[in-house]
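Each chain, written out:
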Amino acid sequence: MIQFIDNTIEKSPYKLTKEDFVSDQMVKWCPGCGDHAILRSVEKIFPEIGYKKENFVFVSGIGCSSRFPYYVHTYGFHGIHGRATAIASGVKIANPGLSVWIVTGDGDSMAIGGNHFIHIIRRNIDVNLLLFNNQIYGLTKGQYSPTSALGAVTKTSPYGTIEHPFNPGELVLGASGTFFARAVDINPKLMTEIMFEAAKHDGTSVVEVLQNCVIFNDGTFDYLTAKEVRDDRLIILKHGEPMLFGANKDKGIILRNTKLEVVKIGENGITVDDILVHDQYSLDPGIHLMLAKMSAPNYPVALGVIRSAKFPTYDDLMEEQIASIKASSKIKNMDDLLNSGETWTI
Amino acid sequence: MSEKERKNVLEVEDVVIRFSGDSGDGMQLTGTLFADTVAFTGNDLATFPDFPAEIRAPQNTVAGVSGFQLRFSKNKIHNSGDLCDVLVAMNPASLKTNLKWVKRGGTILVDEDNFDDKAIEKAGYTNNPLYDDHLAQYNLIKAPMKKMVREALKDEKLDQKSVDRTKNMFALGILYFLFNKPLEYTFKFLDTKFKKNPLIADANKKVIQAGYHFADTIEAISKTALVPPANLIKGKYRNITGNVATAWGLMAAAEKSGRQLFLGSYPITPATEILMELAKHRELGVKTFQAEDEIAGITSAIGASFAGSLACTTTSGPGLSLKSEAMGLAVIVELPLVVVDVQRAGPSTGMPTKSEQADLLQVLFGRNGEAPMLVIAAASPADCFYAAFETARYSLEHMTPAVLLTDGYIGFGSEVFKIPKMSGLPEIKPPLAEPNTEYKPYQRDPETLVRKWAVPGTEGLRHRIGGLEKTNVFGQVSTDPQNHELMIRIRKEKVMNIQKRLPLQEILGEKEGDLLVVSWGGTSGSVRSAVEYMQKDGHKVSHAHFRYIYPLPANTLEVLSGYKKVVVCELNDGQFVKYLTMNFPQIPYIQYNKIQGLPFTTIELTEKFTQILKEI
Chain L
1 MIQFIDNTIE KSPYKLTKED FVSDQMVKWC PGCGDHAILR SVEKIFPEIG
51 YKKENFVFVS GIGCSSRFPY YVHTYGFHGI HGRATAIASG VKIANPGLSV
101 WIVTGDGDSM AIGGNHFIHI IRRNIDVNLL LFNNQIYGLT KGQYSPTSAL
151 GAVTKTSPYG TIEHPFNPGE LVLGASGTFF ARAVDINPKL MTEIMFEAAK
201 HDGTSVVEVL QNCVIFNDGT FDYLTAKEVR DDRLIILKHG EPMLFGANKD
251 KGIILRNTKL EVVKIGENGI TVDDILVHDQ YSLDPGIHLM LAKMSAPNYP
301 VALGVIRSAK FPTYDDLMEE QIASIKASSK IKNMDDLLNS GETWTI
Chain B
347 MSEKERKNVL EVEDVVIRFS GDSGDGMQLT GTLFADTVAF TGNDLATFPD
397 FPAEIRAPQN TVAGVSGFQL RFSKNKIHNS GDLCDVLVAM NPASLKTNLK
447 WVKRGGTILV DEDNFDDKAI EKAGYTNNPL YDDHLAQYNL IKAPMKKMVR
497 EALKDEKLDQ KSVDRTKNMF ALGILYFLFN KPLEYTFKFL DTKFKKNPLI
547 ADANKKVIQA GYHFADTIEA ISKTALVPPA NLIKGKYRNI TGNVATAWGL
597 MAAAEKSGRQ LFLGSYPITP ATEILMELAK HRELGVKTFQ AEDEIAGITS
647 AIGASFAGSL ACTTTSGPGL SLKSEAMGLA VIVELPLVVV DVQRAGPSTG
697 MPTKSEQADL LQVLFGRNGE APMLVIAAAS PADCFYAAFE TARYSLEHMT
747 PAVLLTDGYI GFGSEVFKIP KMSGLPEIKP PLAEPNTEYK PYQRDPETLV
797 RKWAVPGTEG LRHRIGGLEK TNVFGQVSTD PQNHELMIRI RKEKVMNIQK
847 RLPLQEILGE KEGDLLVVSW GGTSGSVRSA VEYMQKDGHK VSHAHFRYIY
897 PLPANTLEVL SGYKKVVVCE LNDGQFVKYL TMNFPQIPYI QYNKIQGLPF
947 TTIELTEKFT QILKEI
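If you're matching them up, the sequences are chains L and B in order. Numbering follows this note's numbering, in which position 159 of the first sequence is assigned residue number 159; successive positions increment by one, without gaps. If you count the second sequence from 1, you need to add 346 to reach this note's numbering.
Excised from the complex, chain L in its bound form:
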């Protein structure tokens, strides 16, 4: 990873520390909630990102995750259900010199805010979106969400859900997303690395965090994250490196015909050279989509930055358009406009 950020957001003239971002508010998430780990990762990585501390803005919607702005010492806006993405769009377009961070959950962004979610991605507005995916409605005490697995038993699906869930990565790429990464709350080191990459990316960066709800959906990701299975069921993608996983890094992903396939090094003549090398910057999303869709039991679930493709951002295009029209227009102020076109004097 390239460890510096190059854009127009003003940097802090002095070195910031974690303490610069710690809020004086009591954090009211349940003990053991995965959200605490995400908050600590933010506090840790923000000084590294290095912008002036007043240039960070957190915007959230409604839900457990959306209390986040109160718990971090930046400018913050706690919005209404589903609309954080739209509010944040306004913040960033109004002032592209801000580093805008959206905190949302699987209910907030995939259900009530689904429309705004796909459209902010399509526009490629330069914001960072942390999607806390716990596959449940926590703040309303345990109803299924759009990411709950088919058949999930919850308070509103006592006999199991009969809905197919969204895979957020698929939705992001389907909406022409330029950045998608997946993290898991039990791996804070990877989470901070991903947050840095998200900040570095110009465009809408979506970071899905698989996050455990200890009260209403405890252990929902154990099948991926339990110590005894995690090496085989998770793969951490790194740009430029072969896609290897397993405790001994002896399993890998290859592309056979039009599909990804899990192979074992040494079996059927497979060597490391046959393994796909991850290219997060590829403009073509084909492989990225396949990687985002990988799921147990046939595949390991992909973590890390899956896609980080460079495309123009909405906010840059807006500023460029304004600058170019301003330069060529004869109208310089309202008096000019009021007196332009067809007028007559009496």
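Because the hints were derived from the structure by calculation, they are not lab data. Small disclaimer: the values here were computed from a predicted structure and weren't measured. Treat the hints with care, as some may be off.
Unchecked claim - If you only want the chain L side, here are some residues facing chain B, beta carbon under 7 Å, derived:
1. E54
2. Y75
3. T345
Stated by the list, open to error - Cβ-to-Cβ under 7 Å is the rule here; a few derived chain L residues that face chain B:
4. V57
5. T74
6. G76
7. F77
8. S89
9. V91
10. N95
11. L98
12. P285
13. I287
14. Q321
15. I322
16. I325
17. T343
18. I346
C-beta atoms are modelled at their ideal positions from N, C-alpha and C, and glycine is treated no differently.
Based on the hints, put chain B in the right spot on chain L.
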């Protein structure tokens, strides 16, 4: 042609023309060109386009009739008139739809070539109305327009379709002759518009001239009319529609306040033109965001307001319903925000291109919780400029969301606008917090109760706001019962404090008398015309037209108290009268309502006032 050679010229004060035809006949353009010419020749004018929601309804059907009404005068006028002196009907369907709007003895100009059996039947006539006694009471001018334009352009290298499309210009030529108007302004327009295609420009000019000469030769036209220039206040003028005036008023407020203008909006009739107009003005730094829906329109604006912009959203009734929750958010975070509602006939989709004033109660009370905000209603197309400016000004200076109510009638309609100088408009000073000062989000000015605006990026002012109730001064999340009641009362009082800055309610006429006519919003012109008519007739009738709705002007009760009767006229089922009753129950109101998607006519208003006066 010199005046001497002209046919019998009759001087008249005031003329109403209604252009009507199929949606594709170019009636809006024809009307606009005529309007520009009468403006350049010094008349006061007002226009109102009246068109269907469908873009191109089936040809020659009543559903596809598009109209444009124009009134011009030697006097100052307040509306686009009731009945017309001249109706242009390009086909049988437009005659059928519009005949009821023609004065007895008025002139009707038709394209005779379009009155074939098929078109007559489609319009629902059994016989050709041009040849039975249907139009006996009118002065009928039958022009074979299709034939004439084909003849006029027979030497041009134009396809038949393009030739036939110039018919509207033939009608325009006839009207210019009828009203002794010069052709040069329209010619200039055509030269500019068809700069790259001079063939089309020349063809249109030829057709206008052909229409002009046709009018000069036929017997049906024995005299022509001349409306002398109006005695308007000296100055520079332009013609402006309400929607463009709204856009410019917001831009003027942005310039005066030094704030960038942000518009988050979703296209909706009849408000879309404001978004389209603002989208043109990147040169003045305007940022327009065409959102994915109405909710994103307003919430993006709230985000932009948090970030320090003069933020606006524009919509009509159904869109306003969708924005309700976010309007409450703007109330509780106490950020400036201008919501423009260009009202249309509801409920639901209703009649999108027709006007109504039925969103008032939604605007005043249509949110969860106690969520008061400033409400101002524009009175006319040109007043939209000042009303938008004022709404933005008070919103910015008092840190409150605000609604500007206009409607389809004044939004689409146009009138003569005296161009203001920016230096003559009041300054706008939003209460921005200074960097590195001690900042508490809900610390307030003790007089106005206005909190300070701390814009992200400013050093030393990091803070959090949001939709959860907060403690006063400190802005901590709180469910404390006493604090909640305190905040509810403060937020209301803050908005009510704006009343101290509002001008007192004016009365047109005496402060006491037999009848006070009350109106609000876009009906100003028609109601004022009717009241002036009554006053000239010697009746003790006065008029109070309300622009400031919430809060009401401080002297409202005093204004309402000086008359034997008070009649409240509205284009709804009685919403403002309910609101007045709630505030001033001691006044015995009479209500007069029209809910037809149409403006009041002077005739129906004066009849109503006369009837009320008889009962005194």
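Checklist entry - How about P285 of chain L: closest beta carbon in chain B under 7 Å, or not? => result The hint is violated - P285 of chain L has no Cβ within 7 Å of chain B, the shortest such distance being about 21 Å.
Checklist entry - Should the hint that T345 of chain L touches chain B count as held when the rule is a Cβ pair under 7 Å? => result Because about 5 Å separates T345 of chain L from the closest Cβ in chain B, which is inside the 7 Å limit, the hint holds.
Item to check | Agreement of hint G76 of chain L with chain B interface, Cβ distance less than 7 Å | outcome: holds, 4 Å
Checklist entry - Per the CB criterion, is I346 of chain L less than 7 Å away from chain B? => result holds, 5 Å
Checklist entry - Against chain B, is L98 of chain L within 7 Å by beta-carbon distance? => result Nearest chain B Cβ about 6 Å off; hint holds.
Checklist entry - Against chain B, is Y75 of chain L within 7 Å by beta-carbon distance? => result holds, 4 Å
Item to check | chain B contact restraint for E54 of chain L - C-beta distance below 7 Å | outcome: At 5 Å from the nearest chain B Cβ, E54 of chain L passes the 7 Å test, so the hint holds.
Item to check | Given hint I322 of chain L near chain B, where the shortest CB pair must fall under 7 Å | outcome: holds, 5 Å
Item to check | Interface hint outcome for S89 of chain L [beta carbon to chain B under 7 Å] | outcome: holds, 5 Å
Next on the checklist: Would the hint on I287 of chain L be counted as holding, given a Cβ-Cβ threshold of 7 Å to chain B?
Outcome noted: Since the shortest Cβ distance to chain B is 29 Å, the answer is violated.
Checklist entry - At a threshold of 7 Å, is the proposed contact between N95 of chain L and chain B supported by beta-carbon distances? => result holds, 5 Å
Checklist entry - Was the hint right that T343 of chain L lines chain B, CB cutoff 7 Å? => result Since chain B brings a Cβ to about 5 Å from T343 of chain L, closer than 7 Å, the hint holds.
Going through the hint list in order, the structure does not satisfy hints 12 and 13.
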